[in-house]
Amino acid sequence: MADTRAGAASGGPARVAGWLQRHLPKIVVAPSVIAALVFFYGFIIWTAYISLTGSRMLPDYELIGFQNYQDIWRLSRWNTAVWNLAIFGVLFIGVSMLVGCVLAVLLDQRIRAEGALRTIYLYPMAISYIVTGTAWRWLMDPEIGIEAAVRNLGWESFTFDWITNRDMAIYTIVIAAVWQASGFVMAMVLAALRGVDQEIIKAAWLDGASLPQIYRRIIIPSIRPVFLGAFVILMHLAIKTFDLIMAMTSGGPGTATSLPATFMYDMAFQRDRLDLAATSAVMMLVTVTAIIVPYLYSEIRAGRRD
Amino acid sequence: MTELSIHGGANTASARLGRLAIYGALAIFAAFYLMPLAVMVMTSLKDLDDIRTNSLLALPERLTTFAWSHAWNEACIGTECTGLAPYFVNSLVMAIPAVAISTFLGALNGYALTKWRFRGANLIFGLLLFGSFIPFQVVILPMAQTLGFMGLSSSVAGLVLVHTAYGINFTTLFFRNYYVSLPDDLVRAATIDGAGFFTVFWRIVLPLSPSIIVVTVIWQFTQIWNDFLFGASFTSGGSQPVTVALNNLVNTTTGVKMYNVDMAAALIAAAPTLLVYVVAGRYFIRGLTAGAVKG
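From first to last, the protein sequence lines are chains X and P.
With my numbering applied, the first sequence covers 1 to 306.
With my numbering applied, the second sequence covers 1 to 295.
Honestly, I wouldn't trust all of these hints.
[As the list claims (entries may be wrong)] Calculated cross-link-like contacts (lysine to aspartate or glutamate; reagent style EDC-like; alpha-carbon spacing at most 16 Å): (1) P:K257 with X:D266; (2) P:K257 with P:E74; (3) P:K257 with P:D49; (4) P:K257 with X:E143; (5) P:K257 with P:D47; (6) X:K240 with X:D266.
[Said to hold, decoys possible] Residues from chain P that keep clear of chain X, each with C-beta distances beyond 10 Å, as calculated: (7) L17; (8) E80; (9) V138; (10) F198; (11) P207; (12) S211; (13) T243.
Hint data in this document are derived by calculation from the structure and do not stem from the laboratory.
C-beta atoms are modelled at their ideal positions from N, C-alpha and C, and glycine is treated no differently.
Next comes chain P alone, as it looks inside the complex (with noise of 0.2 Å):
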């Protein structure tokens, strides 16, 4: 924490004054961030005649859950009216084994790139660093090619494949730089009494690990939920992960437009990674400040 600040430990009227000011920017701030999810948490709460009558800013004059239960499992994504159970499923089967798979090898890169240089080591981790800036929409269109070859066009499997392999780069990163800090001498150490590659990983390296693996685990829980690019071009219909199917219910233009089956479809497609953002904020905010200035 700065040492000093505008009070300068003065407690005179214009040092209150001031002190009022900012506690006053800051809460202005935090309604304006705040405005939006508390909108879409009302409005998931009116019937349509309220918000029709009323706007979305104001109170619900009645509380129902009626857009709940209907974004859940009844509203139509396309043609098909099943809510967005199936969908926030396929959400799920997408993200935890690539989220775990990812997050695996991204371990193992990391440990041996560090642990065990060796020439070219350098240019790998180059040729990662540099491949998590890339826009995606440069491998699109060979991905949509080779998902189709593979016969894993429009498929939650495909997904997963497509999610690892362009969350490699990014888990070992985030590993190899919290490995270059452990001492080296911890490695020489077990491999003098005999140790081998695997046998350092599991005994040694990985139990020094839990914070890493808790911020990779959560970036890439983020990362692979929140998608859309991927979901929208290599799926259709059914495979279609949550994002794409919110996308899709939003954009519905047939029939009477519910705002808030909209607003609930919404939360419940958000829900996941706010969640793991509520309890786990301090690791996520790691991640995001590690992933970003080290690259």
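Next up, chain X with everything else stripped away, as it sits in the complex (with noise of 0.2 Å):
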């Protein structure tokens, strides 16, 4: 847009000058697109070919077809890092919208302390899973967490076990990520509360709507998007869940709370199955972009409209 010509006419050095400086703007920008182009698109690339061949320890450069897509489906222990993830996505994300739509309805009643209360809903968005994760872990813990402190009360046959319990072990993962992440939709949802036109509320207020009339006829729908922004980084979250199970079961007890993240890192990292890590890998971003591009699409589309 901005064009300068200045040194075009002069020749030589100055034309030099003229040149950069009319490409200066794709200059700078260069080195960030090289590395875009070589770190995301090149490693995808080189990720997806290694998930065709039989890589080990090593990478092996010999193609041996979508075999490792057939094998992997054949493993126990993906078909329940797969299924966990069924399971945990959908408690996750459902809690996590309904907890964090009840706060932002809760703080948007004119609430004396909002600030503090929201600052407390939301800090653990701040904090490390790790760290997260290392307190869920001992909390959870029948020795010293919750179950020992109930039964410190009186209530002696109190069982709160579900971090070693095979089959109930994945929704003490669901309380952690719900903890953590739930102030997140909080702090959007009330966002676009107050994003909503008060001029329709107080008229349709005047018109004798309820409460519950309003909130469904005009705020839920004026805020839609903003829940399917949440709805897609949940689940984006959701997909790429790794630190949280590191730090409070490392996956177990056995492989009962493994995900495809934790079936990749083993298989990268432990195992020496550089074939499997990447096939699951790239299974989780063909999983990835199957939510994010129709997504980014309408937003582009719904942004050039306005």
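Put the complex together from the two separate chains, hints included.
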């Protein structure tokens, strides 16, 4: 848009300077674009390629076709990880959305200590999952955590040993993850609630609409994009969940809390199966892409229309 | 603030009860969110006998700072009994340059992409935008190879490179979305007066950017400090960042399990980002919602 042609007429060094001046924006952006092309897209291609080979500890560049994509589904470990992700994803997203929305609506009722409460609900998002995982791990520990505390109060038969129970351990991860991320939903929904046109609400109020009616007919429809945004982010978080598992259970007991992300790490760094690590990583990418690309596409189109 | 609220202005008994219920619910949620932090702080100040006899949730019988000093410079991480201190330093040495470089490049890119639009700018934006969503699992293997090839395996310098490379897309998006709303006339007027690309950047655009710089720095610092996946994948031993060291400390199975030391170590690892959050929470939330909604 801004085009400096000062050097164009005089030739020689001035011409070079003019050329530089004109192309400077591109030259400045170039290193980042090259980095992105190599570190994101080049690396994705490399990983996809390795997933088509029989690499073990070291990369082996001989192609073997889609064998790994068939083999991986024969591993009970992978099936468990995918099934765990389904359970974890549905519960984590559902409960986080619910809790976040409830908190946002409650906080939107002219609450006195709103700032302080908001700070409290959101602080987990600022802390590493390893830190919060450590706290939850010992809280869930039957010997010293919540179970012991309730028993000390006199309820001797109280049991809360989910974290050591194969069938229940995944739910302890859900609790900790909801605790960490629901404040984020609250912040997004609250910001959206504050952006709803007050005049329309006032008009509806004067027309005698009840509060639930106003929420159902006016407020919720107008903040729908935020629900979608929060949903996409939470799904993205769920698929990437790794730190929390490593800190709380390391995927155990057995493989009861393993997820695709921990499977990938295991195959890459513990079991010398680069082929399966790459295969699982590619499947994670494909899943994320299937969610993100339509979302970004609709977002960008909506942005153009405004 | 939404104008109407449950009390609707009426001061009846049921309205007052409604208000009470709202505050009660908010207080219960607040207790739930604060409980793990409170337990961490209490446990870090207890001695081990106290924890074993009274559970984590009981108030301390006597206070001791043993766990804090032990976690900081004596606890064993792997075979090295140095405490968290050197790993905390690693995280600082990793985060500060990575945050500075990625923020600076993000500002330059955002400026170039919005105020000097050129062919392909939208494509570049799309490439970077999609990059912010990819699961990092898909780049870990080639990155490990690349770091090895560059002689940066298991080094803090390697982590600086990794965090810069995978941070630029976020910082560029932040600055781009901010600069889009700056009037183009500012830049046009200056270029007509003969100012070049960098003059406009330093003299006009940067002075208008302190708030977005703060948002970006806080976002990047939080992300990089809290990272575990890259740290665990690319480092071992003495070059680990503090999150990886903490995880190793907590998962050490040999010897007596010192819950109080675990909790003190966790608080030490959390302190920098928690401090940033308390001091500049407003900017943290802006980064979170801006980064999330518009990608």
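Hints, one by one, checked against the model:
1. For the proposed pair P:K257 and X:D266, the alpha carbon gap of about 25 Å is over 16 Å, so the pair is violated.
2. Distance restraint check for P:K257 and P:E74: the Cα-Cα separation of roughly 15 Å lies within the 16 Å cut-off, and the hinted pair is therefore satisfied.
3. For the hint linking P:K257 to P:D49, the alpha-carbon distance of about 12 Å falls within 16 Å, and the restraint holds.
4. At most 16 Å may separate the alpha-carbon atoms for a hinted pair to count; P:K257 and X:E143 meet this at roughly 12 Å.
5. For the hint pairing P:K257 with P:D47, the CA-to-CA distance comes to about 12 Å; that is within 16 Å, so the pair holds.
6. Between the alpha carbons of X:K240 and X:D266 the distance comes to roughly 15 Å, so the proposed pair stays at or under 16 Å and holds.
7. Under the 10 Å C-beta cut-off, the non-interface status given to P:L17 relative to chain X holds; the minimum distance is some 14 Å.
8. Non-interface status of P:E80 relative to chain X is upheld: no Cβ of that chain comes within 10 Å, the nearest being about 19 Å off.
9. With a closest Cβ-Cβ approach of about 4 Å to chain X, P:V138 is found to fall inside the 10 Å limit, against its non-interface label.
10. With a minimum CB-CB distance of about 8 Å to chain X, P:F198 fails to clear the 10 Å threshold, and the non-interface call is violated.
11. Its beta-carbon lying about 19 Å from the closest one in chain X, P:P207 satisfies the requirement of being farther than 10 Å from that chain.
12. At roughly 16 Å, the least C-beta separation between P:S211 and chain X is larger than 10 Å, which holds for a residue marked as non-interface.
13. With a closest Cβ-Cβ approach of about 5 Å to chain X, P:T243 is found to fall inside the 10 Å limit, against its non-interface label.
In this structure, the earlier hints numbered 1, 9, 10 and 13 are contradicted, and the remaining ones agree with it.
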